[in-house]
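**Student:** Spelled out from the first residue to the last, the chains are:
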Amino acid sequence: MTLRKPCTIKDVHTGWCQGCGHGIVVRCIAEAAEQLGVSDRIVAVMDVACGAFIESTVTYNYLGAAHGRPIIAAAGVKRVLKDDVVIAHAGDGSAYAIGIESTIHAALRNENILALVVNNCVFGMTGGQMSPTSIIGQRTTSSPSGRSAVRDGSPFDVVKTLRHFDIAYLSRGSVDSPQEVERTQSMIKKALQKQLDKEGFCLVEVLSPCPTNWGTTPLNSLKKLREEIKPLFPVGEYIDKGGQPV
Amino acid sequence: MAKVLMKGNEALAESAMRAGCRFFSGYPITPQSEILEYMSWRMPEYNGECIQTESEVAGINMLFGAAAAGARALTTSSGPGFSLKQEGISYLAADDIPAVIVDVMRIGSGLGDVFQGQGDYWQLTRGGGHGDYRTVVFAPAGVQENADIAYAAFDVAEKYRHPVIIASDAAIGQMAEAVELPERKEHDIGTGGWELKSRKNGEEQRHIVNVYYHMGADRYPTFLLDKYRRMTAEQQRWECLRTADAEIILVAYGISSRVCKQAVKDGRAEGLKLGLIRPITLWPFPSRAFEKSGPQVKGFLSVEMNILGQMTDDIILATGGRYPVKYYGEFANVPDAGVCVERAEAFLREIRGKI
Ligand code: SF4
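Protein chains in written order, with the numbering used here: chain H, 1 to 246; chain P, 1001 to 1355.
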């Protein structure tokens, strides 16, 4: 077996830190689209910050939305470009803090898009502040003594929130092992297929390491992801409507 | 085409769709909710998309996506909701995305009140959101002009690839007048050569982001200055009434200008030489209308529906500070023609007394 670069990935250096999970997620999207034969139908809507480094990495067309607005902007794009495959690319700060209103309401309206949320439990680009998914005790630059449930609230879990929504698909993957990467890729593929079948809103969250702002090495960050984060945010498929076109 | 009786808000909505607008996102707020309501039943008949969003922030950002994809897109609000849209308007301006946004003005800051007002002038003409931008701002004075401007605004937005704002007010939005609606036309999306779409084999990659990222700090300032220079030169619109021999020129836009037309008539019947300059664009401010002011002009009286006299700065700038400028501001009420005449008379006496 030979590993091959998917056609929508550019052969360039990326802007991400060593050990960052973002690049793996982008590769998963590219492979999923290629397997479905829709690489030339992708339109992406990006957030700002680390996720936006995708911009120099991919060959498909994209729109740069304001922070927290890729999901709602992608819904606007899809309402116009109905035959394109529209992916909103957000982080946990974007989708669950500043943009939570639109995450919920895009789900309520069952907008026919894929919301891909890379969850690394921290605001990466701005230097590692606490995000809605930072875990209890997690030390960040804005929670130096660790996140406290009393002071900061409990970590946000998208599965608990959207679980009973009438949407096409809700799942959580991870990138901490080749098996998990493969599973994440198949989740994204499934979600894209659902968009093609006009089933409606799909949200795939991907747990991803941020060694830089977790203050650890790439290898250790994978261990931390596996041992401390995954138990709190279990991976799996939570909603799979199966063929109810909108 | 025969005239029909329509509310200002509805005429604007219908006319926008006839101009090819096929995307609308809105949120209820008085006094503009009729636009959302009208769109909600009428847009499907045009095979377009009308979405009641969860907030004005969502409305403008959803429009951001639709407009980036090339649709003629409209969102409307008033006062508090218009403030929430500023984030998206700044992004539209920064990314060179054409779209039309309507502010049906109400009065006051904060919640203010639902009555007609013109207190958003500074916000409208100075950019409103963060950063280094302005937008073309049209100020219709009645239902017919609401329709005409809504029809033309998309062309202006696309010409410059820039957001365009229409600033009406509660009076214009709510009143019904006879209106001749324009012909329906279709807008072919994706013909501008820049719009967001999926990339097919052999095509150049398109990324719609801040124009500055494409151009870099070297080329961007020249590009931006040129864009604003062109808009300033080409988009000034106004109407003059009896200014040739006027001693006091009233300056008013929107519903206030209609009262001023009456005031000019009434004043002249009493021997007071009044004229009117009615800005149809608030930005670019129609400075050219003021250039021809002769030596017989003694002063300019701005008539506005706000307390602070927001337009007076622009009149002083447009006249190079060569004339006295005062204002008559009403709050919650439409200005009164009789008061306009009284104020103009007193203003003239004051100026003569000083000479
Ligand atoms: S700061 Fe974190 S999320 Fe950002 S590129 Fe570095 S590792 Fe990735």
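In short, the hints are calculated from the structure, not lab data.
Only a predicted model underlies this, so the values are computations on that prediction, with no experimental measurement involved.
For every residue, glycine included, the Cβ atom is placed at its ideal position computed from N, Cα and C.
Treat the hints with caution; some may be incorrect.
To be verified - Here's a subset of chain H near chain P, in silico, CB distances under 10 Å, partners left out:
id	residue
1	Leu63
2	Asp84
3	Leu219
As the list claims (entries may be wrong) - Okay, derived cross-link-like pairs now, DMTMM-like style, lysine to aspartate or glutamate, Cα gap no bigger than 20 Å in a straight line:
id	chain 1	residue 1	chain 2	residue 2
4	H	Lys82	P	Glu1180
5	H	Lys82	P	Glu1045
6	H	Lys190	H	Glu55
7	P	Lys1200	H	Glu34
8	P	Lys1265	P	Glu1291
9	H	Lys198	H	Asp157
10	P	Lys1273	P	Glu1291
11	P	Lys1200	H	Asp40
12	H	Lys82	P	Asp1188
13	P	Lys1273	P	Glu1239
14	P	Lys1197	H	Asp40
15	P	Lys1007	P	Glu1186
16	P	Lys1292	P	Asp1226
17	H	Lys82	P	Glu1195
18	P	Lys1197	H	Glu101
19	P	Lys1200	H	Glu227
**Student:** Compare the structure with each hint and give your call.
**Tutor:** Hint check:
1. Leu63: holds, 5 Å
2. Asp84: With Cβ-Cβ at 4 Å, under 10 Å, it holds.
3. Leu219: violated, 34 Å
4. Lys82/H <-> Glu1180/P: violated, 34 Å
5. Lys82/H <-> Glu1045/P: With Cα atoms ~18 Å apart, Lys82/H and Glu1045/P stay inside 20 Å; holds.
6. Lys190/H <-> Glu55/H: violated, 24 Å
7. Lys1200/P <-> Glu34/H: holds, 14 Å
8. Lys1265/P <-> Glu1291/P: With Cα atoms ~23 Å apart, Lys1265/P and Glu1291/P exceed 20 Å; violated.
9. Lys198/H <-> Asp157/H: Not OK: Lys198/H and Asp157/H at ~26 Å, beyond 20 Å, violated.
10. Lys1273/P <-> Glu1291/P: holds, 19 Å
11. Lys1200/P <-> Asp40/H: holds, 5 Å
12. Lys82/H <-> Asp1188/P: holds, 15 Å
13. Lys1273/P <-> Glu1239/P: holds, 18 Å
14. Lys1197/P <-> Asp40/H: holds, 10 Å
15. Lys1007/P <-> Glu1186/P: violated, 24 Å
16. Lys1292/P <-> Asp1226/P: Distance ~26 Å between Lys1292/P and Asp1226/P Cα, so the pair is violated.
17. Lys82/H <-> Glu1195/P: holds, 15 Å
18. Lys1197/P <-> Glu101/H: The hint is violated at about 26 Å.
19. Lys1200/P <-> Glu227/H: Violated. Lys1200/P to Glu227/H sits at ~43 Å, over the 20 Å cutoff.
When the structure is compared with the earlier hints, violations turn up for hints 3, 4, 6, 8, 9, 15, 16, 18 and 19 and for no others.
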